[in-house]
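K.L.:
Taken in order, these protein sequences are the chains called A and B.
Taking my numbering, the leading residue of the first sequence gets 1, the next gets one more, and so forth.
Taking my numbering, the leading residue of the second sequence gets 1, the next gets one more, and so forth.
A few of these clues could be false.
[What the hints assert, rightly or not] Label-pair ranges, simulated between beta-carbon atoms:
no. : chain 1 : residue 1 : chain 2 : residue 2 : range
1   : B       : 79        : A       : 95        : 49 to 59 Å
2   : B       : 107       : A       : 78        : 47 to 57 Å
3   : B       : 33        : A       : 117       : 30 to 40 Å
4   : A       : 65        : B       : 32        : 45 to 55 Å
[Stated by the list, open to error] Mimicking DSBU-like on lysine-lysine, the simulated pairs with C-alpha atoms at most 30 Å apart in a straight line are:
no. : chain 1 : residue 1 : chain 2 : residue 2
5   : B       : 88        : B       : 35
6   : A       : 188       : B       : 134
7   : B       : 195       : A       : 149
8   : A       : 87        : B       : 190
Calculated directly from the structure, the hints in this document are not laboratory data.
Ideal Cβ placement from N, Cα and C applies to all residues, glycine included.
Protein chains: 2
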Amino acid sequence: MALRNKGLLIVFSGPSGSGKDTVLAELKTRDINMKQSISVTTRDMREGEVDGVDYFFTDVETFEKNIKEDYFLEYVKYGSNYYGTPKKRIEELTDEGSDVFLKIEVEGGGNVRKVFPECVSIFIVPPSMDELEKRLRGRGTETEESFNKRFAIAKDEIKRACEYDYIVVNDSVSLCADKVCAIIEAEKLKFSRMKALVDDMN
Amino acid sequence: MALRNKGLLIVFSGPSGSGKDTVLAELKTRDINMKQSISVTTRDMREGEVDGVDYFFTDVETFEKNIKEDYFLEYVKYGSNYYGTPKKRIEELTDEGSDVFLKIEVEGGGNVRKVFPECVSIFIVPPSMDELEKRLRGRGTETEESFNKRFAIAKDEIKRACEYDYIVVNDSVSLCADKVCAIIEAEKLKFSRMKALVDDMN
Chain A
1 MALRNKGLLI VFSGPSGSGK DTVLAELKTR DINMKQSISV TTRDMREGEV
51 DGVDYFFTDV ETFEKNIKED YFLEYVKYGS NYYGTPKKRI EELTDEGSDV
101 FLKIEVEGGG NVRKVFPECV SIFIVPPSMD ELEKRLRGRG TETEESFNKR
151 FAIAKDEIKR ACEYDYIVVN DSVSLCADKV CAIIEAEKLK FSRMKALVDD
201 MN
Chain B
1 MALRNKGLLI VFSGPSGSGK DTVLAELKTR DINMKQSISV TTRDMREGEV
51 DGVDYFFTDV ETFEKNIKED YFLEYVKYGS NYYGTPKKRI EELTDEGSDV
101 FLKIEVEGGG NVRKVFPECV SIFIVPPSMD ELEKRLRGRG TETEESFNKR
151 FAIAKDEIKR ACEYDYIVVN DSVSLCADKV CAIIEAEKLK FSRMKALVDD
201 MN
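Next up, chain A with everything else stripped away, as it sits in the complex:
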């Protein structure tokens, strides 16, 4: 398939409270051919999570076997838990022409960029740190200690936004999704993807 018909791999990150899940849900309602890549993890399933929706849940033995079989585009280990991005499914989907969104932590996003430099990376930020604090506290499930920890992690993640191609402020979910759509449209007009068409003219 010609490059210009291939879908994009979109590395989609943002701190907890940036609203990236809501933006992804909004994007699914738009007239774009988008698919979300589901990560694989060995951590325990949490209440409310669904296997194959939030993650593919697996055991350490299978995960380590998969690593050896070159199954992952990238993987990381946090504590005793593995998190990985399955490679084959992403390739199938982009080959079909779908734009694949990979919701991923900053660390994993960096790994994906290394092995897949043609990916497009988008970092979602809240409109302000005050708003982020409000959103994190608004969940109402946080102790002060847990909030402080999550807020510090969010700050650290925002410091690494410089590693991303695009920064989108999520002040309105709908406008934020519009901007992501504009990025996808523009990326597809880049010369590298249009080269075949121009070559055909000569």
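Position chain B relative to chain A; hints supplied.
P.N.:
Then chain B, alone, in the frame of chain A:
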């Protein structure tokens, strides 16, 4: 003014018959803050052209004086005629936050990219060479010789499309303008322009 509020300089090229003037006219009706930069030339004014609209028309002596005064962002000389891009006006407009479109030949476009690497370059192509031929012949003002010459120049220009950031096919003026708007929107979300905002958060 913070970089993120600064307008873009858009190098806008395409062969004769690509319809770039029609696309520019359509863009002027859109809800974007766009301005067009008018070039300066020493060539004779043609029938139907308006000074200050199509070009600023001037004489060789003034043009050469302006060159010495560093008045131009770039200039070229074709035969005995000079063509130049006034620098100050572009800086004023981008500082005000306007996105400035510079309709320019491929040669001049390359010069602008050298001195202003942060510009965004867009190359408009016709949907096919057959369609280009139809459009050029459709003007009805061409002799066969004149057509052949213009068609050969167009082909040469399309070969240099690889120097541009983005390629937009003009099969429909309205869709083509939509794509240019998406490029502008996406370019403004690039990390380099959003850096100040992210820095403010840390």
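K.L.:
Next step is simple, just say for each hint if it's right about the structure.
P.N.:
Checked hints:
1. 79/B <-> 95/A: 49 to 59 Å: Cβ of residue 79/B to Cβ of residue 95/A: about 51 Å, so the range 49 to 59 Å holds.
2. 107/B <-> 78/A: 47 to 57 Å: Roughly 54 Å apart at Cβ, these two residues keep to the hinted range, so it holds.
3. 33/B <-> 117/A: 30 to 40 Å: For residue 33/B and residue 117/A the Cβ distance comes to about 34 Å; the hint holds.
4. 65/A <-> 32/B: 45 to 55 Å: 53 Å, holds
5. 88/B <-> 35/B: 14 Å, holds
6. 188/A <-> 134/B: Judged against 30 Å, a Cα distance of about 27 Å means the pair holds.
7. 195/B <-> 149/A: 25 Å, holds
8. 87/A <-> 190/B: 27 Å, holds
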